[in-house]
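Chains L and A supply the protein sequences, listed in that same order.
Just so you know, the first sequence maps onto residues 1 to 163 in our numbering.
Just so you know, the second sequence maps onto residues 1 to 207 in our numbering.
Simulated from the structure, these hints should not be mistaken for lab results.
Just so it is clear, CB atoms sit at the ideal spot from N, CA and C, and this is done for glycine as well.
Just to be clear, a hint being listed does not mean it is correct.
Label pairs and their calculated CB-CB ranges [as the list claims (entries may be wrong)]:
#  : chain 1 : residue 1 : chain 2 : residue 2 : range
1  : L       : 46        : A       : 60        : 46 to 56 Å
2  : A       : 23        : L       : 93        : 21 to 31 Å
3  : L       : 70        : A       : 187       : 52 to 62 Å
4  : A       : 196       : L       : 32        : 54 to 64 Å
5  : L       : 46        : A       : 23        : 46 to 56 Å
6  : A       : 193       : L       : 36        : 43 to 53 Å
7  : L       : 136       : A       : 77        : 52 to 62 Å
8  : A       : 132       : L       : 48        : 33 to 43 Å
9  : L       : 139       : A       : 104       : 17 to 27 Å
10 : A       : 95        : L       : 95        : 17 to 27 Å
11 : L       : 50        : A       : 131       : 53 to 63 Å
12 : A       : 69        : L       : 93        : 45 to 55 Å
13 : A       : 133       : L       : 48        : 53 to 63 Å
14 : A       : 1         : L       : 93        : 35 to 45 Å
Take a look, some chain L residues computed to stay more than 10 Å from chain A by CB distance [unchecked claim]:
#  : residue
15 : 42
16 : 54
17 : 88
18 : 90
19 : 94
20 : 120
21 : 132
22 : 159
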Amino acid sequence: MTTSLPRRTVLATGSAALLTTGLTLPARAQGIAPTPTMRGGANNYRPGAPIMDRIGGGGFLMTGTVLRAGDGAPIPNARIQMWAHTTEGHERDERSHGATLTDAQGRFQMDMPQIVPAFGQPHGHLAYDADYDDNGFETVFLRPIMASASDTTLDVQFVLVPA
Amino acid sequence: MLRATLIWAALGVALLAPITAAAFSPLLQWREGIYIASGFAGILGMALLLLQPLLAAGDLPGLSPTRSRRIHRITGALLVLAVVGHVAGLWITSPPDVIDVLLFRSPTPFAIWGVIAMWAVFAAALIAALRKRLPLRPTSWRRLHAALVVTVAGGTVAHALLIQGTMEPFTKYALSICVGLAALRIAFIGGMIPRLPFGNASQRTHR
Numbered sequence: 001m002t003t004s005l006p007r008r009t010v011l012a013t014g015s016a017a018l019l020t021t022g023l024t025l026p027a028r029a030q031g032i033a034p035t036p037t038m039r040g041g042a043n044n045y046r047p048g049a050p051i052m053d054r055i056g057g058g059g060f061l062m063t064g065t066v067l068r069a070g071d072g073a074p075i076p077n078a079r080i081q082m083w084a085h086t087t088e089g090h091e092r093d094e095r096s097h098g099a100t101l102t103d104a105q106g107r108f109q110m111d112m113p114q115i116v117p118a119f120g121q122p123h124g125h126l127a128y129d130a131d132y133d134d135n136g137f138e139t140v141f142l143r144p145i146m147a148s149a150s151d152t153t154l155d156v157q158f159v160l161v162p163a
Numbered sequence: 001m002l003r004a005t006l007i008w009a010a011l012g013v014a015l016l017a018p019i020t021a022a023a024f025s026p027l028l029q030w031r032e033g034i035y036i037a038s039g040f041a042g043i044l045g046m047a048l049l050l051l052q053p054l055l056a057a058g059d060l061p062g063l064s065p066t067r068s069r070r071i072h073r074i075t076g077a078l079l080v081l082a083v084v085g086h087v088a089g090l091w092i093t094s095p096p097d098v099i100d101v102l103l104f105r106s107p108t109p110f111a112i113w114g115v116i117a118m119w120a121v122f123a124a125a126l127i128a129a130l131r132k133r134l135p136l137r138p139t140s141w142r143r144l145h146a147a148l149v150v151t152v153a154g155g156t157v158a159h160a161l162l163i164q165g166t167m168e169p170f171t172k173y174a175l176s177i178c179v180g181l182a183a184l185r186i187a188f189i190g191g192m193i194p195r196l197p198f199g200n201a202s203q204r205t206h207r
């Protein structure tokens, strides 16, 4: 007998089943799990980019949330830096970097040039760098990948651990 | 004569179409010269993977086996140069990304396939350069070289298919199929596959 479950359904039910098993219970006991630094997240990072309203001409919206690990409380005034290969420059270029602060709800957003595929994937880079922030959390670097190169927004989440 | 012309024309199209199509990629307008050049070095290298088995097998019309083999060696050297140019150009464009790739810690799965293909092509070229000095029987050398270049072909195709880069999708798939078929062709070069002691009654010796 063969069942024809779509692969996505199998993956979804499978991971849902996994989530309810004892394997993840310790993490659940601690509440919201911290976001680990992603591989390659810190590549081409230029520490200390200035806080700005918009990187270059804008047109692409990077949004995100910064929460505290455990209770999931929003972290206001967290400095988040972002950079990417865009229509206006390479990752390494100073003009491709900018930073912003989170609001009272721990949310941030940045208008930046359109991200274009580079090194094989359309992706962005974001940093919470403890050396440039007084909130006292551990440094995290992210390298999120866009679902499609034609996307004009990207939303990310930081869950930070007190240093 | 017509057949020869058609074969060479088809080969020319197969080699040049992916490169020409990539020249129209919208991504090029947002890249610097060295990044663009390293991408094209990669595409050129992949295109040469179609040519190499045909030259080794002496399949191309109008070329004597000796001449075919000599061109195979030149093309092989060109292939190594293309790979070196590809990696060096990417290194100049973004050093940390290439270091991650070479240390097998890149977040991108296609990079691993590229590195595997790179080391396999270097090894294949090295044993070709040292052929006369290696203590290998010609058949063993040939099988080793073939195993390496099949790894190169497979790694390169996986690398290219998984990348969102300057290659235009249709010509990328077409070239991937061509490279795959050319790699398969290697198996039919004389003496490549060991003769099995069963299954082929016509070659069995009877007492």
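Hints and how they fare:
no.	hint	verdict
1	L:46 - A:60: 46 to 56 Å	51 Å, holds
2	A:23 - L:93: 21 to 31 Å	24 Å, holds
3	L:70 - A:187: 52 to 62 Å	59 Å, holds
4	A:196 - L:32: 54 to 64 Å	60 Å, holds
5	L:46 - A:23: 46 to 56 Å	32 Å, violated
6	A:193 - L:36: 43 to 53 Å	47 Å, holds
7	L:136 - A:77: 52 to 62 Å	57 Å, holds
8	A:132 - L:48: 33 to 43 Å	58 Å, violated
9	L:139 - A:104: 17 to 27 Å	24 Å, holds
10	A:95 - L:95: 17 to 27 Å	19 Å, holds
11	L:50 - A:131: 53 to 63 Å	59 Å, holds
12	A:69 - L:93: 45 to 55 Å	48 Å, holds
13	A:133 - L:48: 53 to 63 Å	55 Å, holds
14	A:1 - L:93: 35 to 45 Å	55 Å, violated
15	42	8 Å, violated
16	54	18 Å, holds
17	88	8 Å, violated
18	90	7 Å, violated
19	94	15 Å, holds
20	120	4 Å, violated
21	132	19 Å, holds
22	159	19 Å, holds
In the structure shown, a violation is registered for the earlier hints numbered 5, 8, 14, 15, 17, 18, 20, in ascending order.
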